[in-house]
Amino acid sequence: MKADATHIGIAAIVPALPRGVRLRFDESRQQWFLLGPERVFEPDEIALEILQRVDGARSVEAIAQELAAAFAADRDEIAADVMTFLRGLADQRMVDL
Amino acid sequence: MSDVETLPQATPARPVLPPPMGLLAELTHRCSLRCPYCSNPLELDRRSQELSTAEWKRLIDEAAALGVLHIYFSGGEPMLRRDIAELVAHASAAGLYTNMITSGVGFQPAVLDAVAEAGLDHIQLSVQAIDAKTCDRVAGYEGAAERKHAVAAAIARLGLRLTVNAVIHRENVHEIPGFVELAEAWGAARIEIAHVQYYGWGLVNRARLMPTRRQVETAMAQVEAARSRTAGRLVIDSVLPDYYARYPKACMGGWGARLMNVTPSGRALPCHAAETIAGLSFDNIRDSSLSEIWYRGAAFNAFRGTDWMKEPCRSCARKEQDFGGCRCQAMALAGDAAATDPACSLSPLHEKLVALAEAEAASELSDFIYRGYQGV
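Chain order of the listed sequences is G and E.
With our numbering applied, the first sequence has no gaps in its numbers, which climb one by one up to 375 at the end.
With our numbering applied, the second sequence has no gaps in its numbers, which climb one by one up to 436 at the end.
Just so you know, the hints here were simulated from the structure itself, not pulled from any lab data.
Keep in mind the model is a prediction, meaning the values are calculated, not measured.
Quick reminder that beta carbons are idealized off the backbone N, C-alpha and C, glycines included.
Hints should not be assumed to be uniformly reliable.
[Claimed, not checked] To give an idea of the interface, some chain E residues facing chain G are shown, with a C-beta separation under 8 Å as derived from the structure:
| no. | residue |
| --- | --- |
| 1 | Pro79 |
| 2 | Asp181 |
| 3 | Thr223 |
| 4 | Glu244 |
| 5 | Ala245 |
| 6 | Ala249 |
[What the hints assert, rightly or not] Straight line, CA to CA, 25 Å or less: simulated DMTMM-like cross-link-like pairs of lysine to aspartate or glutamate:
| no. | chain 1 | residue 1 | chain 2 | residue 2 |
| --- | --- | --- | --- | --- |
| 7 | E | Lys379 | E | Asp396 |
| 8 | E | Lys309 | E | Glu420 |
| 9 | E | Lys309 | G | Glu320 |
| 10 | E | Lys309 | G | Glu316 |
| 11 | E | Lys117 | G | Asp304 |
| 12 | E | Lys117 | G | Glu316 |
| 13 | E | Lys193 | E | Asp173 |
| 14 | E | Lys117 | E | Glu352 |
| 15 | E | Lys193 | E | Asp396 |
| 16 | E | Lys412 | E | Glu231 |
| 17 | E | Lys309 | E | Glu418 |
| 18 | E | Lys117 | E | Asp196 |
| 19 | E | Lys309 | E | Glu380 |
| 20 | E | Lys193 | E | Glu177 |
| 21 | E | Lys117 | G | Glu305 |
[Said to hold, decoys possible] Computed list of chain G residues with no C-beta within reach of chain E, every gap over 10 Å:
| no. | residue |
| --- | --- |
| 22 | Ala290 |
| 23 | Val292 |
| 24 | Ala335 |
| 25 | Phe349 |
This is chain G alone, in the form it adopts within the complex (with noise of 0.2 Å):
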C-alpha cells in the first residue's frame, strides 16, 4: 500500500548533523543552541530529544521508536512529528537526510 511504502521509506532514512552543524550546551545561560552558519537555533524540549538522537547512526524508525517509549506516545505518529521537524532543518541545511 501506498501510505506503508512511504511509511518504510521515511522510517529508513538516518539522519546526520553535517559538518559545520552543531549542538552544544551552553553554560552561562544553561541552554541548549543547535549552532550553523549564521544560525542559532534554540530546541524547545522535544526538537532536543531528537536531535541528541540525531548521529548518523540511529533511523528516524529507530528515534521515533526511542522517543514513543520514552513519552507513551503512538510511535506512528512520532515518526511522522520527528521527519517534519527534520525536513524543516534539512530544508535549512542544518541536518542531512
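Given chain G's structure and the hints, the job is docking chain E onto it.
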C-alpha cells in the same frame, strides 16, 4: 492578608542584558585585496599594533566564558596571521562555533589545510564578480578570480562548510544568477548576497557603486527566483541596499544587543563602523575584560534600548523592530548619531537621500578609490 503590600515596592529591575551571541575578531587589517567597499576603517591598523597570539587567546577564553556562541575570524585577510590555525584550534576547544571570512588571496595553501585540521566549522569565501576581469578590477588585484577558484576547490577537497560572500553594486548587480550558479558549482551550502553598505570606503566610493532602483528590484526578484530553484540545497541570505528601502535595517540586531567587534589593535566596538561616531570612546581589551566592556562600557551603552531616541523614532511603533536604523549611517548622513537613520522613509532627510542615490546611480562610471594604508 498581606503586610507585603504596605512595604515599599522594589524598583522594577531593568531587563537583564543577555550576553553577546557573536564576536567578530578582526585579526589584521592587512589584505592583498583593495576592494573599494571594504568594511575596515579608512585609517587601518598596522601590523606592529596587532594583538599578540596570547592576547587573542585570552580574549577567546573571555568570550567563551561570557557566553559568545559564534566567533568570526576576519580581517583584512585572517590567513595572513601566522597563528590563525592556533587561534581556530583554541576557539574550537573553548566550545565556540568557528567561522573564518577569507578573500582566498595572499596565503600558502598549507595554511588552509592547517585551519581545517584545527577544527574550523565554517568558511566564507568572497567573490567580487563572476566576470574574471571585473573580479580582478574590483579586488584591485590581478589574478584574484583564478586564485579564488583554486581555493574553492581546496575547500571542497577538505570538506569544509562553505558560504560564498557576494557584495553587490552597480558593476555586478546583473550577475545575481551567476553568483548563485557559482555557489552551487563550488558545493556551497549557503550564499550571502549583500548589497554594499555605505560606510567608510563604501561611502567614499558611493557614486561608483550605487545601483539604480530598477537594478535593485531586478536583483531582488532574481534572488527570490533562485531561492525557489535551489530550495533545500542552497541557503540564500540577502542584505538589501537600504537607501531604496521604506524602513531602515535593524542594524546589528540593535546596538550592543548581539555582537561585539574587536579590531586588530584590540579596540572593542559595537559594530565595525562605530568609530565614525564622534564623541564615543572605545575600551581596549588590553585594559578591560570583555565582560566589563559588554555590560558597562560607555560605547556599548550609548545607544542601547530606546531612551536615546528622538522623534520620529521615539513615538514610532517600529522602534523595537528596527531601532531607528543604523547609528553610523545617521552620523554620516544626518550629522547626528541619535537621529533617525535617513534610510528610513520617516526621516526628514529621506527624499533627499533617495534623489542623491538615483543621481549617483545614473552618473558616469569612474575609477575606484581603492582601500589602502595611504588613506583617501
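Hints and how they fare:
1. Pro79: 6 Å, holds
2. Asp181: 5 Å, holds
3. Thr223: With a closest approach of 5 Å, the E/Thr223 hint holds.
4. Glu244: 13 Å, violated
5. Ala245: Violated: closest Cβ of chain G sits about 17 Å from E/Ala245, beyond 8 Å.
6. Ala249: Status holds, d = 4 Å.
7. E/Lys379 - E/Asp396: 18 Å, holds
8. E/Lys309 - E/Glu420: Status holds; Cα separation ~21 Å.
9. E/Lys309 - G/Glu320: At roughly 24 Å apart (the allowed maximum being 25 Å), G/Glu320 and E/Lys309 satisfy the hint.
10. E/Lys309 - G/Glu316: Distance of about 17 Å is within 25 Å: holds.
11. E/Lys117 - G/Asp304: Distance ~20 Å between E/Lys117 and G/Asp304 Cα, so the pair holds.
12. E/Lys117 - G/Glu316: 23 Å, holds
13. E/Lys193 - E/Asp173: With a Cα-Cα distance of about 28 Å, the restraint between E/Lys193 and E/Asp173 is violated, given a limit of 25 Å.
14. E/Lys117 - E/Glu352: 17 Å, holds
15. E/Lys193 - E/Asp396: Judged against 25 Å, a Cα distance of about 40 Å means the pair is violated.
16. E/Lys412 - E/Glu231: 24 Å, holds
17. E/Lys309 - E/Glu418: 20 Å, holds
18. E/Lys117 - E/Asp196: It is violated: about 35 Å lies between the C-alpha atoms, which goes past 25 Å.
19. E/Lys309 - E/Glu380: 12 Å, holds
20. E/Lys193 - E/Glu177: With a Cα-Cα distance of about 33 Å, the restraint between E/Lys193 and E/Glu177 is violated, given a limit of 25 Å.
21. E/Lys117 - G/Glu305: It holds: about 20 Å lies between the C-alpha atoms, which stays within 25 Å.
22. Ala290: The claim stands: G/Ala290 keeps its Cβ more than 10 Å from every Cβ of chain E (closest is about 19 Å).
23. Val292: 18 Å, holds
24. Ala335: 19 Å, holds
25. Phe349: 29 Å, holds
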